[in-house]
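Student: Chains as they are written, first to last, in the numbering used here: chain R, 1 to 323; chain S, 1 to 420; chain L, 1 to 363.
Keep in mind the hints are simulated off the structure, nothing from the lab.
Accuracy of the hints is not assured; some may be wrong.
Beta-carbon label-pair distances, calculated as ranges [said to hold, decoys possible]:
hint: 1; chain 1: R; residue 1: Ile248; chain 2: L; residue 2: Ala332; range: 58 to 66 Å
hint: 2; chain 1: R; residue 1: Thr120; chain 2: S; residue 2: Lys415; range: 45 to 53 Å
hint: 3; chain 1: R; residue 1: Arg38; chain 2: L; residue 2: Val16; range: 56 to 64 Å
hint: 4; chain 1: R; residue 1: Gln64; chain 2: S; residue 2: Lys50; range: 37 to 45 Å
hint: 5; chain 1: R; residue 1: Met101; chain 2: L; residue 2: Val16; range: 58 to 66 Å
hint: 6; chain 1: L; residue 1: Val16; chain 2: R; residue 2: Lys132; range: 14 to 22 Å
hint: 7; chain 1: S; residue 1: Lys275; chain 2: R; residue 2: Thr190; range: 31 to 39 Å
The calculated lysine to aspartate or glutamate pairs, modelled on DMTMM-like cross-linking and capped at a C-alpha distance of 25 Å, are [said to hold, decoys possible]:
hint: 8; chain 1: S; residue 1: Lys173; chain 2: R; residue 2: Glu176
hint: 9; chain 1: S; residue 1: Lys407; chain 2: R; residue 2: Asp89
hint: 10; chain 1: S; residue 1: Lys274; chain 2: S; residue 2: Asp149
hint: 11; chain 1: S; residue 1: Lys81; chain 2: R; residue 2: Glu78
hint: 12; chain 1: S; residue 1: Lys212; chain 2: R; residue 2: Asp72
hint: 13; chain 1: S; residue 1: Lys176; chain 2: R; residue 2: Glu177
hint: 14; chain 1: L; residue 1: Lys224; chain 2: L; residue 2: Asp288
hint: 15; chain 1: L; residue 1: Lys8; chain 2: L; residue 2: Asp21
hint: 16; chain 1: S; residue 1: Lys61; chain 2: S; residue 2: Asp103
hint: 17; chain 1: S; residue 1: Lys308; chain 2: S; residue 2: Asp129
hint: 18; chain 1: S; residue 1: Lys233; chain 2: R; residue 2: Glu177
hint: 19; chain 1: S; residue 1: Lys311; chain 2: R; residue 2: Glu78
hint: 20; chain 1: S; residue 1: Lys415; chain 2: R; residue 2: Asp93
hint: 21; chain 1: S; residue 1: Lys212; chain 2: R; residue 2: Asp93
hint: 22; chain 1: R; residue 1: Lys217; chain 2: L; residue 2: Glu53
hint: 23; chain 1: S; residue 1: Lys170; chain 2: R; residue 2: Glu177
hint: 24; chain 1: S; residue 1: Lys213; chain 2: R; residue 2: Asp72
hint: 25; chain 1: S; residue 1: Lys170; chain 2: R; residue 2: Glu176
hint: 26; chain 1: S; residue 1: Lys229; chain 2: R; residue 2: Glu176
hint: 27; chain 1: S; residue 1: Lys46; chain 2: S; residue 2: Glu69
hint: 28; chain 1: R; residue 1: Lys243; chain 2: L; residue 2: Glu128
hint: 29; chain 1: S; residue 1: Lys230; chain 2: S; residue 2: Asp403
hint: 30; chain 1: L; residue 1: Lys223; chain 2: L; residue 2: Asp355
hint: 31; chain 1: S; residue 1: Lys308; chain 2: R; residue 2: Asp72
hint: 32; chain 1: S; residue 1: Lys173; chain 2: R; residue 2: Glu177
hint: 33; chain 1: S; residue 1: Lys407; chain 2: R; residue 2: Asp93
hint: 34; chain 1: S; residue 1: Lys213; chain 2: R; residue 2: Asp89
hint: 35; chain 1: S; residue 1: Lys313; chain 2: R; residue 2: Glu78
hint: 36; chain 1: S; residue 1: Lys314; chain 2: S; residue 2: Glu106
hint: 37; chain 1: L; residue 1: Lys20; chain 2: L; residue 2: Asp355
Some chain L residues flagged as far from chain R (calculated, every beta-carbon gap over 10 Å) [unchecked claim]:
hint: 38; residue: His192
hint: 39; residue: Arg203
hint: 40; residue: Gln213
Note that CB positions come from ideal geometry on N, CA and C, so glycine has one too.
Chain residues, written in single-letter form:
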Amino acid sequence: MAGIAEPREITEQTKELRQAPAEDHFPPLGPLARRLERPEVLGYLMVAPALLLLIVLLGYPFIQAVWLTMLDKRVGVEGNFIGLGNYIDLWSDQVYRWTVMNTMIFTAVSVVCKVVFGLTGALILNQAFRMKNFFRGFILLPWIIPSVLSALVWLWMYDDTFGVISRTLIAFGLIEEKILWLSQWGIALTSIIIVNVWRTMPFFIVSLLAALQTVPKDQYEAAEIDGANLLSQFWNVTLPNIKHVLIIVTLFGTIWTMSDFNIIFVLTSGGPANSTHVFSTLAYQYALGAGKLGEGIAVSFTMFPLLFVIIFYRLYRMRRDPT
Amino acid sequence: MSWKRFFTATFIAFFMLAFAVVAVQAAPLRLTVRTVPVVAAQKFLKTIPKKFKKATGIDLKIEFIASRELRRRLITAAETKSGPDLLMVVYNGAITVKESLADVSEVVGPLSKENGGFYNMYKDGGFIDGKWLAAPFMTTSQVMNYRKDHLKQIGENPPDTWEDALRIGKKLKKAKLAPWAESLGTHVIDPSTTILCILWGYGMRQVSNDGKKITLDSAGTRAGLRFIKKAYKEAWPKGVIQWKTLENNQTFLAGKTGMTINSPSIWWKSSTKKKWANLYKNVGFSLVPKGPAGRHCTAIPQYLVLFKYSKKKKEAKEFIKFMAQADMQVGFSKRAWMWTPTQKGLASRLPQNEYYDIMAKQALYAHVPGWPGPASKAGSEVHQRFNLLAMVQRYVQGTQSIDETIKQTVKELRKIYGVN
Amino acid sequence: MGELVLEKLGKNFGNVVAVKDVDLTVHDQEFVVLLGPSGCGKSTTLRLIAGLEEVTAGDIFMDGRRLNDVLPRDRDIAMVFQNYALYPHKTVFANMGFALKLRRVPKDQIVKRVKEVANILGIDDLMERFPKELSGGQRQRVALGRAIVRNPRAFLFDEPLSNLDAMLRVQMRVELLKLHNQLNATSVYVTHDQIEAMTMGDRIVVMLDAVIQQVGTPMEVYKKPINQFVAGFIGSPSMNFAPAKVGSADGKLSLEGQGFKAFVSSGCANGLGSYVGRDVTFGVRPEDLELGGDAGMDNTFEAKIELVEPVGSDIFLELDVSGTPLTARVNANLSFSEGEKITFTVNPNRVHAFDVDTGIAIL
Ligand SMILES: Nc1ncnc2c1ncn2[C@@H]1O[C@H](COP(=O)(O)OP(=O)(O)O)[C@@H](O)[C@H]1O
Ligand SMILES: [Mg+2]
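Let the hints inform the model, and build the full structure from the sequences given.
Tutor: Listed below in structure tokens is the structure:
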């Protein structure tokens, strides 16, 4: 075939179009249209609705919440403005100070465990073995079960009379007497962390597994030929390749962990002697227990500076990263 | 705008307004209560709208929610000014939201003088700032549950005093029978019951009768604390330190607890399954023991509160009156095992057996957490924030001495009550 | 040093036979190309040499040392991957120096060596960049650099140029060859591109279905393909095949098919004698069909032009010779039109014949 063929049939419409002078297709732009042509103007205009929605959906409640923390607001009553009164009150509250420490320990240990075990789990599941798919599905279970339910199951397992954990340990001769998993600050916090790690680890495993599967195989092979053993392959190939997912997952994990409520509420309710509270359970106690909404929200609110520091640090690191 | 259009618009607006008014009028009275696990009692509750309609011509709609949801519902209804007209609350719940509640003295006042009047505890949680803001609904007593067979085996009667209980507890333990156990974990029901029953019995009063002075640091408090520690060390299983409110039920049913303070739910539950048949025969009730300062206990008083936002206040008050009728109170109690009437005089119309007998008697000694102060937010807050429970836990676990733990708690209570 | 010997090398993946009975000696400093269609086992052979796959059967020797159970890192062999496999989070310098760093070479020596190699490759100004900041060709060079830095006994290349555009591919081909001449390292190069194979290889190893078909210099493989597959695979456009019968007249052997009859020059006809009267596959390369000749003469036949495909330097003619389709490659200076009838002469020295059943070359 030579050249580009002419369209066989020319409809009336196309004829008209062909005859019309070119200017008719593109009329000169008005002043508004000309402005809209500029990408920076149009860009802002196009994100404006989304931005507005964000402000309304997130910003408004946020500011409302900030305002509430500055009132001595109780349930069903208008509050008076007391400035930073709630925060000052909190700071002089010993339980609150414990809570800050608990939240930090709980979050830090939990997240570190989740990263370490999650990564280990992902690495194991990334190997080829029989029933791999079964395990990959199975591992999601703790994540799927509603957290109140799984917390209740764990409560049962930690039970001093019926609890399977102490019994098993005794059966294997590892301990002589039952351990009261929820009776003392240190042990109780550990027990809580175990459940929290158990519950959210699937998310870590699955996300990291997905990340691991995107690591190009030939990078491992190149490293192997370059002389890297398994450990240095992990440091030089695996870790850098999944770093971004790892950071995101850790970020989300931190937020979720820090705001976890159900597990602690069911297992210890903050006891014994109010020693295992985290921000969410203490906030619940203030707001729903005592009906002091302002102070309760102030408790949750003190979570923000911590979260902000973590999030910004992480994002900053990520943006600086060239890869 | 043409006249025609104006008329149409006005007509539509008027119509809509009229419709709205009719809709509010036609909407039923809404009541939210907890679901009751006892089947017959739940059925009885479900027949109430029909009976009420027949008696008064008012439509009633009952919504059932889990008991642990009651508190959340109370707070949200009060804060958002929307929800049911009448809501069930327990203990001191009404005080927390007192500003949002309508005065129901008009109906409750007269009721408080009928049939021997309400049990005293109802005033602790419902008579607020000189008005009835919560109407007594039903009573759940907390009694001493014990194994008849085990006590017989060690040759003991049910305890009358705390020292009796300790003696029995030690004997049970020594005989390797199911031990005496009281919850000491962190929960608003059973652990609070444990410590208040004992501490009150030994003379602890968190606040003076007028609520103007913290009176926690007393010989009675010390004696009570010492008793609890002693009982924990010598009679109770170590695990009670983490028991919330279900563990004593579970262990009792499993034959692993021989004596414990609890609502009659254990007794009821043991009747529901064949495997507990033997246990059912052997559950005994007795009064919560008394101490040097008398016999005191908690119970779970249940009220109905009427919200100020309600558009059905008149109908709601009708319902309060309706529910307070002897027939309703006794009728429900007969079916409900662990519920009894709110008025003292109706006890005589209950089934005549040792269980109902103890339940009715026990209620005479009951107070609401916060007692003996007048109904106050502070009293409720102390209960909800476990200050007293924490005081006991610290001392029992040895993290603080008796002086330290009292001192710290006094400080906390002063701050909460805002008095010295 | 770097003499690589493969003996009866075999590899199965479950039921899949990827490599079978491969015998091959790659001499020191030789550039050997593994050529074959996709899936024939070239990469697997290469990966067996590198130690990335475990050997199922046979042995690998490097300078006499058996490599079968030696870890990849101890084989002293470098490999360049199709997708370069650069470490994305490492700079060019770190990529190139990684192997040395793992071998605990002192820092200053690493710097010196990497600089040296970067100089050869002309990438010295890219040292601080990350792979994603490089063009395809630059990445290719870095991948080469990473291999060269180690100064290994042998280089393995797995289709290293296939991700580059056509221009760059030609350019890199030349550079690779220059580099090879400069470094004089033993190299095994995998490709499915016969031009690459012909231009680069000291010797070509043609593979099909896990098995080596032929090993030889590019010209040997081109001129004396050992079987019909090799004959067809090498050369572009590929060799013409047509069914034919072996005839004999006046002591001359001929191949007679539909519309053509080609006599074979007696010098090459050795094996064909036993096939007289039997069917064989006649083969002739498009460039061995010479334009012209008088109809009726030996080896000359008439053809109708079906399609004219000018490719610049040459013209490919799709011909119909009384029902037998043939392709001819003729000078681009001539002009043809479709449907035209022309005559061709087959060079009797360049005629091929293959056994119909086995495909083995008879001629
Ligand atoms: N890891 C593997 N698992 C299973 N089969 C494989 C694997 N690698 C290669 N094969 C199979 O082995 C055969 C040869 O593959 P390969 O050596 O990659 O071919 P080539 O490099 O010549 O394209 C193919 O059939 C391929 O599907
Ligand atoms: Mg390949």
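Student: Against this structure, judge whether each hint is valid.
Tutor: A quick look at each hint next to the structure:
| no. | hint | verdict |
| --- | --- | --- |
| 1 | R:Ile248 to L:Ala332: 58 to 66 Å | holds, 59 Å |
| 2 | R:Thr120 to S:Lys415: 45 to 53 Å | holds, 47 Å |
| 3 | R:Arg38 to L:Val16: 56 to 64 Å | holds, 59 Å |
| 4 | R:Gln64 to S:Lys50: 37 to 45 Å | holds, 44 Å |
| 5 | R:Met101 to L:Val16: 58 to 66 Å | holds, 60 Å |
| 6 | L:Val16 to R:Lys132: 14 to 22 Å | holds, 20 Å |
| 7 | S:Lys275 to R:Thr190: 31 to 39 Å | holds, 36 Å |
| 8 | S:Lys173 to R:Glu176 | holds, 20 Å |
| 9 | S:Lys407 to R:Asp89 | holds, 19 Å |
| 10 | S:Lys274 to S:Asp149 | holds, 18 Å |
| 11 | S:Lys81 to R:Glu78 | holds, 13 Å |
| 12 | S:Lys212 to R:Asp72 | holds, 22 Å |
| 13 | S:Lys176 to R:Glu177 | holds, 17 Å |
| 14 | L:Lys224 to L:Asp288 | holds, 14 Å |
| 15 | L:Lys8 to L:Asp21 | holds, 4 Å |
| 16 | S:Lys61 to S:Asp103 | holds, 22 Å |
| 17 | S:Lys308 to S:Asp129 | holds, 16 Å |
| 18 | S:Lys233 to R:Glu177 | holds, 16 Å |
| 19 | S:Lys311 to R:Glu78 | holds, 21 Å |
| 20 | S:Lys415 to R:Asp93 | holds, 10 Å |
| 21 | S:Lys212 to R:Asp93 | holds, 22 Å |
| 22 | R:Lys217 to L:Glu53 | holds, 13 Å |
| 23 | S:Lys170 to R:Glu177 | holds, 20 Å |
| 24 | S:Lys213 to R:Asp72 | holds, 23 Å |
| 25 | S:Lys170 to R:Glu176 | holds, 23 Å |
| 26 | S:Lys229 to R:Glu176 | holds, 24 Å |
| 27 | S:Lys46 to S:Glu69 | holds, 19 Å |
| 28 | R:Lys243 to L:Glu128 | holds, 21 Å |
| 29 | S:Lys230 to S:Asp403 | holds, 17 Å |
| 30 | L:Lys223 to L:Asp355 | holds, 17 Å |
| 31 | S:Lys308 to R:Asp72 | holds, 22 Å |
| 32 | S:Lys173 to R:Glu177 | holds, 17 Å |
| 33 | S:Lys407 to R:Asp93 | holds, 15 Å |
| 34 | S:Lys213 to R:Asp89 | holds, 21 Å |
| 35 | S:Lys313 to R:Glu78 | holds, 23 Å |
| 36 | S:Lys314 to S:Glu106 | holds, 11 Å |
| 37 | L:Lys20 to L:Asp355 | holds, 24 Å |
| 38 | His192 | holds, 18 Å |
| 39 | Arg203 | holds, 24 Å |
| 40 | Gln213 | holds, 27 Å |
Of the numbered hints stated above, none is contradicted by the structure.
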